[in-house]
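Colleague: If you want the building blocks of each chain, they are given just below.
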Amino acid sequence: MAIIERPASESAGAVEVYDPSVATPSSSYGFLRRPVESTGWRSWAFTVDHKKIGIMYGVVAMVFFIVGGIEAGLIRLQLAQPEGTVLSADYYNQMFTMHATTMVFLFVMPMAAAFANYMIPLQIGARDVAFPRLNALSLWVFVFGGIFLNTSWFLGGGADGGWFMYAPNSDVPFSPSNGVDFWALGLQITGIASLVGAVNLITTCLNMRAPGMSLMRMPIFTWMAMVVQFLLLFAMPVITVALFMLIFQRNYDATFFSVAEGADPLLWQHLFWIFGHPEVYIIVLPSFGIVSEVLPVFSKKPLFGYPFVVFSGAAIGFVGWGVWAHHMFASGLGPVSVAVFSVATMAIAVPTGVKIINWTLTMWGGKLQFTTAMLFAIGLIVQFTIGGLSGVTHSVAPSDTQQTDTYYIVAHFHYVIFGGGVLGLFAGMYYWWPKIFGKCLHEGWGKQNFWWMIVGMNLTFGPMHIIGLQGQPRRMYQWTEFRAGEGFFNLGFWNMVATIGTFVLAIGVVFWMIAVWVTHRPGSKVPPAPLDPWDARSLEWMTTSPPKPHNFDRTPTVHALDEVFHRKYEDVTGEDLPEFPDPARAEAHHNYVKVATLEEIVAEEERLGDEHVHLPAPSYWPIVLAFSLPVIAYGVIYTSWLIAVGAAIAVLAIFGWALEPADAEESDFEPPSEGESSKELAHV
Amino acid sequence: MSDVVKDPESDAVDVVDPAGEVAADRGAHAGDHHGGHDDHGHHTSLGLSNVKLAMWLFLGSECLLFGGLISTYMLYRNRHSDEVGPDQLWDIPFTSASSFVLLMSSLTMVLAVSAINRRDERNCRLWLTVTATLGGLFLAGQVYEFTTFYREGLGYTDSLFSSSFYTLTGFHGAHVAIGIIMLLSTVGMLAKGRITGDKGETVEMVGLYWHFVDVVWILIFTLVYLIPA
Amino acid sequence: MSTVDAGDETELEREVLDPEQEHDWVHDEDEAHHPSDKKYIQIAIILAVITAFEVAASYVDLGPIFIPALLGMMVAKFLIVVGFFMHLRFDNKIFTWLFYTGLILAVGVYVVALLTFQFFNS
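Chains as they are written, first to last, in this note's numbering: chain A, 1 to 684; chain B, 1001 to 1229; chain C, 2001 to 2122.
These are computed hints drawn from the structure, not numbers from a lab. The C-beta atom is built at its ideal place from N, Cα and C for all residues, glycine as well. Any given hint might turn out to be false.
As the list claims (entries may be wrong) - Simulated DEER-style distance windows between Cβ atoms:
1) C:2107 / A:174: 31 to 39 Å
2) B:1123 / A:176: 52 to 60 Å
3) A:638 / B:1193: 40 to 48 Å
Can you make the complete structure from the sequences, with help from the hints?
Modeller: Here is the structure:
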């Protein structure tokens, strides 16, 4: 078996407690060694292992999910009754702005990044991403950016301009607190994380594939994640421009959005939505990828029309660039623009519909297993279809003009983002949990989690269609009994239902936490998962659970799409075996028999594994460089000398990074007293 | 593996035959930590270097950044006071000269890459230094131009035109400044032998960035300076 | 992608045959295609000449072809620098694809955005 870097335990704990004063001069930094520990907090803070980075992404994203959820709960409490008094108007504005910002930028995107980081190298048979240190940089930039953004709550209040922060409404006269500054700078920072991650993961997908892993053999999640990274790559700079202009406007008195000077208020809207519409696909495509993995496994059938799913995903990626102005139909673009964007918007429903058909036909005639992951995947298909259909009603411009800024819009995008994005992410959690943590999440609590969430979301967002069509505007902090209407369409009733639904949904999330606790608490009775709990199909399963630091004992050679399936099963079509007569089955012409278990396959891989596996050493610099960014950002808001301090840290980190060798020095692993003999251990 | 799974096409396994030391060694490398020795274009699926791929992706992304800044300027270029607009401010001969300087720095940059590919480190360092000097000259020209405009009454906050002009050219100037730091750092690291990766590739990457900055100026020179508002 | 994959196999095989290659830091394959220094200087002269024409054009009255001529020269310079100095003409086509995807997206979305501002009517 291969050993990659020396585990700390082998040196009797000496590595754990490091005393700089005894370091040899040959240590990497003279007085500081490379952080080579494989246990303890250092092994996480300075890691460059894509799996640890993925887990940290996920943990931080879930924390922000809870923060955003609390914000959502407060919003719904405020609106439960007429003339709500839970929040002041000012706090209400901050709450819905920060709820959306947190959920989109600090939960869904990083959660998708968590899966992408963890799964892409495993799915393509690589030992890590293309640039492991850049990967660590992405993580820490995101973490510091998210924390920075949320410190605004304690420093004069959060941003209050709505998540699209239309300028000039977000300029100082209309939003005098520092909230918008925190928002703009915070998104700028997390944008850097996304951009760096995009460059890294695209390079990984294109260039780090195992032998035989052609693009059309890549697992579908990796494909969708790659499309998302392309969207991020090209969309992030657009919002970067807009955010810079907003920052300069607010902090350095630039005039980009000063209408008195002749500024065009549509400038921000265009820049925001040129970014913002691809962003919608950035949110849902990773989940589409996840359910495209989950559905075949639990239907015991290959994904129906893999090339169609791939190309429709890519098509969504492209067409997504041509529809941004449908967010601006009510802003007076002029009839020609509205007509063009209206048609383009209807067109993008086509590739999305292709995907839904593919998923449905994947399940058609399959032997369905209703595990929690499968339930979430089916939930996505149903809920996203509802959101997609209300989306088509927006593409019709006259209809959209009526719906704009009402709760109908809120209903639509929650069905899309929660129904399409979040349900898929939960499906991914249940599906890959045994891969990542070696234990299946408790199915009983998982099913509670699913049903409470799905009922909760429909109770919450379903009534919003009604109250929206009744004319309740979004972002109003109160509604009045006087205008609530009568009978079935009474706003009071449906607002109360929505609020109750929110708490049903919250209970569902609590059940998720219970499932995690029950699975992992000390003394938990949940047994370790088998290597192949779901009879899975793709390459990430062809290693231990959780995977070793180097992922694969030897680099796999890939011969087919669904490589693991084809290693486990042999096609015995034509041999004397009972036929499956049902013509609807996609595999009607193929009969497979199981010839190997995953345990056997992995044991064989282990036996033939590489002698020396060489992984890059951890590094201090990513987290140091990431730390410099919020320092600079605080400097922009409060005092310019902090900018200089932050910049100095950044320069130090960049030069440290550039001069750092790939491998830790031998002396980094050893306290100097231990000498040669134990050094050998590092090379077993 | 072929013991476990029957696969007629498993001859490709030879490539990573663990019995062969070379192949085992090949399979044993994880991610390209430094953009250096690992990825000489031979370990990767496309046969291309990771760093180069990443650099081109980054430059593709930068197109959208400068596109946004240029569009904002184009939208706002006419929105200024009657006294200080492009017509009063532009000094075409001066800007042409500094554009020419930046253009020629692209030539010296490509000569540096050419030198390092011949393993001629001495000349490479020389050309890199010349490139950085020309970049510095361009930047000095920009500082001079900004101060002149400011004296003539064009403050950053004065009009939509001034904000968008200074922001666009300022972003470009910042890119040039970063490029100069990269060039000089490369010279220093070459001299001290501290480049952790492939030397030729490092110089080539700095070059790609530098040429891109030059290309952006080609656009700005025409769209901002030569085409009348 | 099939052509790329084929190349990928041969790449692997060659590496197995010639492990020393890894330690050779010269871009052997690139060099064969790259222009010589002399050629680079000629290209730079062409660029300088185009720049001279651009500047000259802004001093004479070319009437309606003025702006198209300037834009044409700008694009020519752009393509020359990107194609020759940045080696896109000689390198793997995937770099061209990646870069031009960004460029075309940028031109596309921003021109459309400016169109909605009635920018080109003025």
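Colleague: Does the Cβ-Cβ separation between residue 638 of chain A and residue 1193 of chain B fall within 40 to 48 Å?
Modeller: holds (43 Å)
Colleague: Between residue 1123 of chain B and residue 176 of chain A, does the C-beta distance stay in 52 to 60 Å?
Modeller: At roughly 58 Å between Cβ atoms, residue 176 of chain A and residue 1123 of chain B fall inside 52 to 60 Å, so the hint holds.
Colleague: Using the Cβ atoms, figure out if residue 2107 of chain C sits within 31 to 39 Å of residue 174 of chain A.
Modeller: Taking Cβ atoms as reference, residue 2107 of chain C and residue 174 of chain A lie about 34 Å apart, which means the hint holds.
The structure shown violates none of the earlier numbered hints.
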